[in-house]
Amino acid sequence: MRNSRYLLYILILIILVTLPLHTGVYLLNVMDVILIYLALALSWDMLLRSGQISFGMAGLFGVGGYAAALLHLNTGVNPLFSIILGGLAAGVLAWLVGMAVLQLRGMYFAIVTLALAEIFRVIVRNLPDLTGGPEGTILPSAIFAGNSTKTYWLVLTVAVVSVIASEIFRRTRIHFALTSIRNDEVVAKSSGIDVFKYLVFIFVITSAIQGIIGGAYAHIYGFVSPEGSFSIDFTLLPIAMALLGGMHSTWGPVVGAVLLGVASEFLKLYIPYGHLLVYGLIIVIAILFFPQGIVGTLGQRLKKPR
Amino acid sequence: MAVLKTENLARYFGGLAALNQVNVEFRENEILGIIGPNGAGKTTFINVIAGIYLPTEGKIFFNGQDISGLPAHRRCRLGIGRTFQLVRPLQGLSLLENVMVGSLFGKGLGQREARKKAKELCEFLGLSDITRDITEMTALEIKKMEIAHALATQPELLFLDEVMAGLNSDETMEMIDLVRKIHSRGITIGIVEHVMRVIRELTHRVIVLDWGEVIAEGPYGEVSNDPRVITAYLGEEA
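Respectively, the protein sequence lines represent chains A and B.
Quick note, our numbering runs 430 ahead of the 1-based positions in the first sequence.
Quick note, our numbering runs 38 ahead of the 1-based positions in the second sequence.
Isolated chain A, as found in the complex (with noise of 0.2 Å):
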């Protein structure tokens, strides 16, 4: 059972890492934005984990991005390594601000967050010397010179690294304490869960995730931008794949970004910007009939067949 369970998941990387092969460029670009998104909707369960709801993904995304794209163009650092740093400076700047937002709880975390993002956008956007200010900076070119298939193997790459992180949360003592956290700090702290330590924990490790993933989408686009980097797309859209596919696992924000990511790339073709209203009509009815998500309710069906 458990065998066959990792042969599914072997063929599935097989087939994703070979993907190229059998399609053009415009499939594998489609892919790039699923991926991405996906990782990030990983990115924001395994905090949400704790509890602890976070609208600041596209604040550290940002960060990510431009500290890879300037750490490059300025130290002539290699691009991949820059992007790995640009996590390194999401995940510093997460453990900074942590100690002090990780003393909030629930909307008050949430709403801190959402303004953090902002606040980073209006810094970025206010220090034209170094960020090129409101109109951004351009890098020289695209990573791999926009190779397409390097390009999608680098965001794989990425999204795999986030499930593997997931799974890793999920069968550790880390999710133990993030579920008792999530239910009660007072039984939690009762129990011996060091509370504060593992909320930073967890809010720089996801933070580092999302400076990576923006890290990668700055390189691939081979821009910044503040209106562009910090785009509040990248906060909602995989919150809405991750409730919409089910939340606390790993397989509900994936399926929920890959339907989403699918969904709305067909809806673009027929209604230029209207994919956001449909979007939203998804998420709604999405909470309203299963708010458990897709993977939620399909598991809760096959333990307990009625």
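For the record, the hints were derived by calculation from the structure and aren't laboratory data.
Simulated pairs of lysine-lysine, DSS-like, Cα-Cα distance not exceeding 30 Å:
{"id": "1", "chain 1": "B", "residue 1": "K97", "chain 2": "B", "residue 2": "K145"}
{"id": "2", "chain 1": "B", "residue 1": "K219", "chain 2": "B", "residue 2": "K145"}
{"id": "3", "chain 1": "B", "residue 1": "K145", "chain 2": "A", "residue 2": "K627"}
{"id": "4", "chain 1": "B", "residue 1": "K43", "chain 2": "B", "residue 2": "K219"}
{"id": "5", "chain 1": "B", "residue 1": "K43", "chain 2": "B", "residue 2": "K97"}
{"id": "6", "chain 1": "B", "residue 1": "K219", "chain 2": "B", "residue 2": "K154"}
{"id": "7", "chain 1": "B", "residue 1": "K154", "chain 2": "A", "residue 2": "K627"}
{"id": "8", "chain 1": "B", "residue 1": "K145", "chain 2": "B", "residue 2": "K157"}
{"id": "9", "chain 1": "B", "residue 1": "K43", "chain 2": "B", "residue 2": "K145"}
{"id": "10", "chain 1": "B", "residue 1": "K97", "chain 2": "A", "residue 2": "K627"}
{"id": "11", "chain 1": "B", "residue 1": "K157", "chain 2": "A", "residue 2": "K627"}
{"id": "12", "chain 1": "B", "residue 1": "K157", "chain 2": "B", "residue 2": "K219"}
Just so we're clear, the structure is a prediction, and the values are computed from it rather than from any experiment.
Since chain A is already given, all that's left is putting chain B on it; use the hints.
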């Protein structure tokens, strides 16, 4: 030597003294009853000892170590365990996993040993079908699970906060036996209870709290005849 000792312990909420000048001692492997009318400060006392609230004044010594300023998770790791007056099971975790939280973090066991320890405790408390979802459990089972969870942190001193509340008399008898079994493992127990039969049968000594102060202390037989205690429970004679 006393396992736990408090010195002039006080806790205020605003101007209200929920605990005031509390000097008590838990002797090794005794069962100490903590009784008093509603709002007397019994649960606050547990919360201050367990570190959920820090004391406003006074000191707490655990095995001679001053723990007054330590956060709750550190106190748990030192060996102070507790259950909750209103059950607080962890949703999204199975019965066994709920208990495992205690064994994983109380003494920092690895997952394999933590699972083994949790299984052993479920068996000890008579909990079967341990992979069950907690939504399928009865009230008594949830209470037992919470005791298992607290025991899994491997406490030296365990507080049981009204574990008999809501149980019928057969279940109460079963729970009394369980507390005896836990005690025979060498654990010192502090028990808050409204059911006086339980206190009479189980405790070596009791302390009586009223308006946050200790008004009587001693074996149940003595304390229950103390006029101040009777007044606290029943009020003055008109």
